[in-house]
Amino acid sequence: MIDSLRKHVSPGWMLVAPFFMLVVVLYLGPILNILWLSLTDPEPGLQNYQKLYTNDTLLRIIWTTFRICLITTIISVAFGYSIAYAMVHAHQKRQKLMLTLLLVSFWISILVRTFSWLMLLGHNGLLNNALETLNIISEPVAFVRNELGVLIGMVHYMVPYAVLPLLVNMQTLDTRVMSASRNLGATGSQTFFRIYLPLTKPGIVAACLLVFILSLGFYVTPAILGGGKVLMVAEYISVQLLVTLKWGTAAMLAALMLFGVLALLYIMSKFMKLSTVFGGSTS
Amino acid sequence: MQDKQFMRETLVEGAEAFKAGRMNRRSFLTLCAMAGVASSAVMVGDAEAAANEIVMWNWGGQSEECHGNAIGKPFEEATGMPLRFDTSGPLQGKIREMVDSGNVTADVCDGDLFDAIALGPSGHLEAIDYDVVDKAKTLPNYAVEHGVSIILYGYAFVYDTEAYGDTPPNSWADFFDTAKFPGKRSLYKWANGSLEAALMADGVSKDELYPLDMDRALAKLVAMKDDSLYWGSGSEAHSMVVNGEVSMGMVWQNRGRNIEIDTDGRYKLVMNEALAMPGAYIVPKGNPAGREAIMKFIATAQDPAAQLQLLECLGMTPSNPEAFAMIPEDQQPYAITSAMNIDKVAFNDPVWWGENGGDAVNAFLEAIS
Amino acid sequence: MKQSMLAMFNRTGAWVLLFFLVLPALISIPVSLTPKRFLSMPKGELSLRHFEKLFTSPEWLSSFAQSAIIASSTALLATILGTLCAIGLWRVSSKYSELVRAFLLLPLIIPQIISAMAFYRLWIPLGLLDSYPGLIIAHTILAGPMVLITVSASLANFDPKLEQASKNLGASNWATMRRVILPSIRPGVFAGALFAFILSWDEIVVTLFISKFNVYTLPRRMWNGIRENTDPTVAAAAVVLIAITVIAFGVSTVLSRRRAQTQND
Chain A
1 MIDSLRKHVS PGWMLVAPFF MLVVVLYLGP ILNILWLSLT DPEPGLQNYQ KLYTNDTLLR
61 IIWTTFRICL ITTIISVAFG YSIAYAMVHA HQKRQKLMLT LLLVSFWISI LVRTFSWLML
121 LGHNGLLNNA LETLNIISEP VAFVRNELGV LIGMVHYMVP YAVLPLLVNM QTLDTRVMSA
181 SRNLGATGSQ TFFRIYLPLT KPGIVAACLL VFILSLGFYV TPAILGGGKV LMVAEYISVQ
241 LLVTLKWGTA AMLAALMLFG VLALLYIMSK FMKLSTVFGG STS
Chain B
1001 MQDKQFMRET LVEGAEAFKA GRMNRRSFLT LCAMAGVASS AVMVGDAEAA ANEIVMWNWG
1061 GQSEECHGNA IGKPFEEATG MPLRFDTSGP LQGKIREMVD SGNVTADVCD GDLFDAIALG
1121 PSGHLEAIDY DVVDKAKTLP NYAVEHGVSI ILYGYAFVYD TEAYGDTPPN SWADFFDTAK
1181 FPGKRSLYKW ANGSLEAALM ADGVSKDELY PLDMDRALAK LVAMKDDSLY WGSGSEAHSM
1241 VVNGEVSMGM VWQNRGRNIE IDTDGRYKLV MNEALAMPGA YIVPKGNPAG REAIMKFIAT
1301 AQDPAAQLQL LECLGMTPSN PEAFAMIPED QQPYAITSAM NIDKVAFNDP VWWGENGGDA
1361 VNAFLEAIS
Chain C
2001 MKQSMLAMFN RTGAWVLLFF LVLPALISIP VSLTPKRFLS MPKGELSLRH FEKLFTSPEW
2061 LSSFAQSAII ASSTALLATI LGTLCAIGLW RVSSKYSELV RAFLLLPLII PQIISAMAFY
2121 RLWIPLGLLD SYPGLIIAHT ILAGPMVLIT VSASLANFDP KLEQASKNLG ASNWATMRRV
2181 ILPSIRPGVF AGALFAFILS WDEIVVTLFI SKFNVYTLPR RMWNGIRENT DPTVAAAAVV
2241 LIAITVIAFG VSTVLSRRRA QTQND
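As you go down the protein sequences, you meet chains A, B and C in turn.
Residue numbering for the first sequence follows my numbering, beginning at 1 and increasing consecutively.
Residue numbering for the second sequence follows my numbering, beginning at 1001 and increasing consecutively.
Residue numbering for the third sequence follows my numbering, beginning at 2001 and increasing consecutively.
Be aware that a few hints might be false.
Straight-line Cα separation of at most 27 Å, DSS-like style, residue types lysine-lysine; simulated pairs [said to hold, decoys possible]:
#, chain 1, residue 1, chain 2, residue 2
1, C, LYS2053, B, LYS1073
2, C, LYS2053, B, LYS1285
3, A, LYS229, B, LYS1180
4, B, LYS1225, A, LYS229
By construction, these hints were calculated from the structure, which means they are not laboratory data.
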């Protein structure tokens, strides 16, 4: 029986099983339990979902979140690509230095980062004081306590998360393909855009996915750097759960986020064979 | 599980022996101590549940030290039960989840009186035993069924003396007047205090605030939105002021003195029209130390000496009328219930906030985002 | 290989970006020396009191140790489970594996506060509340998807024919994995381990729900009293971590230089 099982079920599943079981046994149940509240709290029915049609604010918050996360992802991945590319093509010692700098920025807890940005970019912060001293500006510029501050804070946090998937992908690239292209007469930029970039697509996809998903759940930094005016979905959900006790609304928004990301993955799968992008065998 | 059963049976037998006179008091107390259970609970027959310590659920920081010295120490001396702190922050949602889960780990939460109105009716809180806790030792409306006010804190504002030195602002109307007093403002993000301030600025008398006219308040707030920042925690409020980001900032009154010190006197606190909030002790249903012990603890906190110590340590104003006259002179300008301030402040209605707080917060967030 | 203009332009840009990344870290150095008891730039005076507090206070040291233990364990567990999972999905490589992969991203997509409540509800009957294993398991579930993503990115360029060749030469599945696949995807595994470690090290939302007294990690210590003030000790802690990283870099550079020298002899 085991032999026939082995024939029909790929052995790869055995490796997947431990983590899969962990998530199913110790996580899935209570999560579904909470998401179910979206249909039962305060009364059974679809009222919570109907709020999406009737309540302007919810749509506004969702749109703000989506917009900020999208911009953050694009900028972070672009910056990340630049850094990863430079790292891969640098000497070993330089590479190590760059990695160290990356790690240093990683270590800093959210609290320290957020307050550092306030001190750097605030009304009376280092940057504004420097610009005023140099007479470049006469009034302090509002870099923080608004959406710009949120973007700066989020991009800064996300860039390392974009760099590393790109880096690991670039490191396993076969560089002979690049040399072959040059030998065949292609210019540097032609080689880059037509050979290198497509080959790093898995890295780009992984980086985009990771950064976008992380951004969706991010709310501490946006709350402080946005001056309380940039309200994102994750924070709103937290407030409904902890302060206003509207658990149904919170569950509904969480379910919405989940469906949103799954829909995103589905759309992506229509444009590219996801299994090859995520590291499947080219079958 | 057999150990628990054995222990419980031993304790019950021991209690009976003690009551019948066959065991002396010292042996009985030793038995209880070994089981880690309060003797009072065993006597009531609840050997399983009661623990031999009081757990206060609060926000940590200086509160730990201050409540520990002011109330924990006297209580431990009187009853032998030490005070421990869970500093993860008793938000309404967490309290509700804790009681629903059946695993109650806190005896008392250092929260707001409106939490008692919000969580009491649904059966999440113990009713206060007013035979042990004294209703007269707090302000008239601030002893409700499921919570009692121990201290008061308030929403006031500080202003930049360098910006407005000659004509200092003195009321919420001034705070909201960005034409006469240009500059940025900071307000509390979770609606409480900000709504009342807006109404007072719009001309509502401080004694006629409730029920809050939400539309009127939100209109006033939205009008000032471009010049406003909103803070969600004390540290944010503090940083906005000390970093000079706002010319006038709403702050928690009990931090007012610290802000004056931290800005070397540049920012001054205005107590006129401050909104006084009853901070309260509420007891989650099924608390581990048992009903009797926690009510005694709350009664200890009503002692004027304890409340005055909290004033000195945390800036929180006593709610016990006996203590009002005893507020030291240097604290009087900053305290809510000092003679010079008590007629100038507005008093929060915990019933309105308990019933409408959730909707008010959501409406506020909608307006400012 | 001749570097194109684009590459050189990019290199400058990359260094600028790296500077942008470490800027807050640099700021935290003077901030950690502020004489005041709240986060601020020191204007004139410098004070070592926050470092003193960090090194002499048993609470801060204990929190450091707790976070180190929990984060290391999380990194280890999440990396092992996540890597095996990524390799497994890569081997299967079918429509179903992509569905499973999307499913396994669940802990990363669900807002942390909801995960926190979910863990809280389940941890109580399981007796995992306020315990090291409880926190490690919760963090592992949250970090696993990140490992999955990075290792998968690494596997994307791994030629499956190499695995085939290894098996054809007689190596068992296990030997192939150990000696052919793992070495090639080592960067992805390390990146995943790093992400898992940082997630656990910084994690506060879930921790606040499932820990009470016994577990008091560094983030809890940092957020303690946040309602009143942000204790500059957090800046001192940040500087210590930066110092450790920089020293590690220095040591590693010296060691590799020495290794290169001995190889040349």
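Going through the numbered hints above, which ones does this structure break? Give me the numbers in ascending order. When the structure is compared with the hints, only number 2 turns out to be violated.
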